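In the working numbering, the protein residues as written are 1 to 529.
A portion of the hints provided could be inaccurate.
[As the list claims (entries may be wrong)] In silico EDC-like links for lysine to aspartate or glutamate, alpha-carbon gap of 20 Å or less:
hint : residue 1 : residue 2
1    : Lys-198   : Asp-182
2    : Lys-198   : Asp-242
3    : Lys-198   : Glu-53
4    : Lys-473   : Glu-446
5    : Lys-155   : Asp-119
6    : Lys-407   : Glu-235
7    : Lys-155   : Asp-182
8    : Lys-384   : Asp-437
9    : Lys-198   : Glu-235
10   : Lys-473   : Glu-529
11   : Lys-473   : Asp-455
12   : Lys-96    : Asp-80
13   : Lys-384   : Glu-445
14   : Lys-384   : Asp-506
15   : Lys-519   : Asp-437
16   : Lys-155   : Asp-185
17   : Lys-519   : Glu-476
18   : Lys-519   : Glu-529
19   : Lys-198   : Asp-46
Hints listed in this document are in silico derivations from the structure and should not be mistaken for laboratory results.
These figures come from a predicted structure and were not determined experimentally.
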Amino acid sequence: MRLKRWLGLDTLRGLLRFYTLLCVSLPLLLAAGFFYFFQRGQIIDDTLSGMAETLATERSVLRSWIDERFDDARFLALLDGTRTGNTDLMRQAFAKYVRTHPSVSAVVAVNQDGHTQVDSSGSPSVYVGDRSYFLEARQGRDSLVAGIIGRASGKPICLFATPVARLDGTFGGLVFASVQLDALDVWLRQTTILGQGKAVLCDAEGRILAPSAAVRVASGQLTGRIAPQALGAGERGAVYRDADGREMLAVSVAVDRGGLKLVRQEPAAVALVGYRSQALWVAAGALAAIILISPLVLRFCRKLEQPLEALSRHARELRSKEYDETCPLAAPPDLPREVEELFVAFSAMACDVRGHIDAIEQLSVQDELTGLYNRRFLFSSGLKLVAAALRAGQPCCCLMFDVDHFKRVNDTFGHQAGDHVLAHIGTLLTGAVRRSDLAARYGGEEFAVLLVGADLAQGLEQAERIRRAMAEKPCEAAGRSLSVTVSVGVAAVPDSQEFGEAAFDDLLARADAALYAAKAAGRNRVMAE
Numbered sequence: 001m002r003l004k005r006w007l008g009l010d011t012l013r014g015l016l017r018f019y020t021l022l023c024v025s026l027p028l029l030l031a032a033g034f035f036y037f038f039q040r041g042q043i044i045d046d047t048l049s050g051m052a053e054t055l056a057t058e059r060s061v062l063r064s065w066i067d068e069r070f071d072d073a074r075f076l077a078l079l080d081g082t083r084t085g086n087t088d089l090m091r092q093a094f095a096k097y098v099r100t101h102p103s104v105s106a107v108v109a110v111n112q113d114g115h116t117q118v119d120s121s122g123s124p125s126v127y128v129g130d131r132s133y134f135l136e137a138r139q140g141r142d143s144l145v146a147g148i149i150g151r152a153s154g155k156p157i158c159l160f161a162t163p164v165a166r167l168d169g170t171f172g173g174l175v176f177a178s179v180q181l182d183a184l185d186v187w188l189r190q191t192t193i194l195g196q197g198k199a200v201l202c203d204a205e206g207r208i209l210a211p212s213a214a215v216r217v218a219s220g221q222l223t224g225r226i227a228p229q230a231l232g233a234g235e236r237g238a239v240y241r242d243a244d245g246r247e248m249l250a251v252s253v254a255v256d257r258g259g260l261k262l263v264r265q266e267p268a269a270v271a272l273v274g275y276r277s278q279a280l281w282v283a284a285g286a287l288a289a290i291i292l293i294s295p296l297v298l299r300f301c302r303k304l305e306q307p308l309e310a311l312s313r314h315a316r317e318l319r320s321k322e323y324d325e326t327c328p329l330a331a332p333p334d335l336p337r338e339v340e341e342l343f344v345a346f347s348a349m350a351c352d353v354r355g356h357i358d359a360i361e362q363l364s365v366q367d368e369l370t371g372l373y374n375r376r377f378l379f380s381s382g383l384k385l386v387a388a389a390l391r392a393g394q395p396c397c398c399l400m401f402d403v404d405h406f407k408r409v410n411d412t413f414g415h416q417a418g419d420h421v422l423a424h425i426g427t428l429l430t431g432a433v434r435r436s437d438l439a440a441r442y443g444g445e446e447f448a449v450l451l452v453g454a455d456l457a458q459g460l461e462q463a464e465r466i467r468r469a470m471a472e473k474p475c476e477a478a479g480r481s482l483s484v485t486v487s488v489g490v491a492a493v494p495d496s497q498e499f500g501e502a503a504f505d506d507l508l509a510r511a512d513a514a515l516y517a518a519k520a521a522g523r524n525r526v527m528a529e
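Let the sequences and hints guide you as you build the complete structure.
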């Protein structure tokens with residue numbers, strides 16, 4: 001509240017200036033904010049899209065390179081020496097192939113029993129029958145194995161394995177070429193694009209295989225890994241924060257060869273270099289526009305404030321007077337036409353209010369349909385009457401009425417006939433009770449009468465008199481005479497209170513219980529608690 005007063009927002013003048021400036025400034029600020037966030041997102045989306053397109057091209061090139069290596073392995077597997085198991089011919093062919101292909105570290109032939117038969121690197125025979133590539137070869141399928149560290153080079157290699165078929169068509173083992181992945185370094189450097197980061201080749205688990213500069217090896221195992229968010233970014237790309245808290249852009253594509261993936265990632269700050277300067281210019285433009293518009297806004301506000309302040313001064317004068325004294329209200333001279341009309345309207349309303357106050361007060365306590373007091377007045381005045389009777393040592397009782405089979409009247413003759421019945425009962429009750437008694441419509445077809453100075457016997461006598469009067473005087477409604485009967489419950493203020501928080505609540509509850517007993521006993525009767 002103090003802050004609001006300090007800012008001047010507790011006056012119409014302050015609010016008018018504040019909201020007018022807000023209406024002018026907000027669109028400009030929203031436009032600047034929209035540009036900041038939308039343009040930023042657009043640049044990031046465009047960058048990710050470009051990275052994805054580049055990776056798609058690189059994937060095609062990498063697939064071609066892998067397919068060429070498989071073609072070489074198949075060529076070696078189809079040589080006569082390989083198919084016949086001639087080790088001398090295989091050694092000669094494998095050695096010649098390795099000499100002409102610097103990226104190939106070794107070519108190995110494995111017999112049908114799973115033992116290496118010829119190894120161009122000169123390694124002794126080992127059993128590989130339990131390896132995945134041997135099991136794939138037995139099924140007649142090629143296989144690519146990545147993530148292996150070469151024993152001699154200590155660098156990542158890939159095995160391109162293909163099955164060997166003997167001359168009679170039976171399984172004759174396999175041939176695999178061990179290819180060093182640093183052969184991809186030159187190609188990956190050539191594919192580096194300004195603003196799109198470097199392409200990285202990794203296996204399905206995210207271990208980096210190439211380029212060599214990104215490879216990390218410890219204890220014969222690959223330890224360098226791509227962040228899981230980058231690995232799972234997919235072709236649509238993803239934005240994430242790395243271990244250093246930097247916002248990163250990443251795109252990944254599956255090579256569909258041996259579970260390999262190509263990944264590109266770069267800091268978002270690199271892609272947003274030009275965008276930040278644009279955002280600053282937009283913000284500066286919005287601020288300049290606000291500064292230029294502010295004097296015009298203030299002048300407009302002053303033109304509205306002056307007549308309103310005059311009206312406010314006169315309203316404060318009226319606040320301390322009675323309604324009769326403000327009728328009629330003379331408008332000060334030299335007011336704008338609109339404000340003068342406000343004075344005339346205010347004067348007319350002040351005079352009308354005085355005339356309507358009595359009617360409003362009456363409506364607030366009276367049930368419009370029956371002319372009896374309403375439920376609100378029953379509870380507010382009933383509490384006081386019962387409490388006063390108890391203090392004075394006077395008896396007090398309550399009669400609760402319920403119209404018998406009222407729903408049948410509504411269903412048979414309509415709700416308008418039901419309203420006539422309720423009004424008829426209200427008229428009879430008004431004529432049957434004293435001015436000191438309180439008769440009210442309790443709700444729906446239920447009525448309550450509070451008899452002050454009457455004990456239970458007197459209450460029963462009065463209830464029976466009213467019941468007979470209603471039964472003997474039918475209601476004229478729907479073009480016919482409708483017989484109306486009521487069930488009545490009577491209760492007196494007891495010595496000890498059982499229900500509610502006040503004696504009046506307890507009295508109503510007892511009378512209501514007696515009413516339901518009268519209805520249960522066959523209706524059209526009076527029963528006491």
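Going down the list of hints, with the structure as the test:
1. For the given pair, Lys-198 sits about 15 Å from Asp-182 by alpha-carbon distance, which is consistent with the 20 Å threshold.
2. With a C-alpha separation of about 16 Å, the suggested pair Lys-198 and Asp-242 falls inside the 20 Å cut-off, and the hint holds.
3. Using a Cα cut-off of 20 Å, the hinted pair Lys-198 and Glu-53 holds, with the two alpha carbons roughly 14 Å apart.
4. Our distance criterion of 20 Å between C-alpha atoms is met by Lys-473 and Glu-446, whose separation comes to about 19 Å.
5. Taken as a hint, the Lys-155 and Asp-119 pair is honoured in the structure, with Cα atoms around 19 Å apart against an allowance of 20 Å.
6. Taking the CA atoms of Lys-407 and Glu-235, the gap is near 71 Å; set against the 20 Å cutoff, the hint is violated.
7. With a C-alpha separation of about 8 Å, the suggested pairing of Lys-155 with Asp-182 holds against the 20 Å cut-off.
8. Restraint check for Lys-384 and Asp-437: the C-alpha separation of about 13 Å stays at or below 20 Å, so the hint holds.
9. A hinted pair counts as satisfied when its Cα atoms are at most 20 Å apart, and Lys-198 with Glu-235 qualifies at roughly 16 Å.
10. Under the criterion of a C-alpha separation no larger than 20 Å, the hint pairing Lys-473 with Glu-529 is inconsistent with the structure, at around 27 Å.
11. Between Lys-473 and Asp-455 the CA atoms are separated by roughly 27 Å; this puts the pair beyond 20 Å, and the hint is violated.
12. The straight-line distance between the Cα atoms of Lys-96 and Asp-80 is roughly 15 Å, inside the 20 Å bound, and the hint therefore holds.
13. With a C-alpha separation of about 25 Å, the suggested pair Lys-384 and Glu-445 falls outside the 20 Å cut-off, and the hint is violated.
14. About 14 Å separates the Cα atoms of Lys-384 and Asp-506, which keeps this hinted pair within 20 Å; it holds.
15. A threshold of 20 Å between alpha carbons decides the hint, and for Lys-519 with Asp-437 the separation of about 25 Å lies outside it, so the pair is violated.
16. Only pairs whose Cα atoms come within 20 Å are accepted, and Lys-155 paired with Asp-185 is accepted, the gap being roughly 12 Å.
17. Distance check on the hinted pair: Lys-519 and Glu-476 sit about 24 Å apart at the alpha-carbon level, beyond 20 Å; violated.
18. The straight-line distance between the Cα atoms of Lys-519 and Glu-529 is roughly 13 Å, inside the 20 Å bound, and the hint therefore holds.
19. Only pairs whose Cα atoms come within 20 Å are accepted, and Lys-198 paired with Asp-46 is accepted, the gap being roughly 17 Å.
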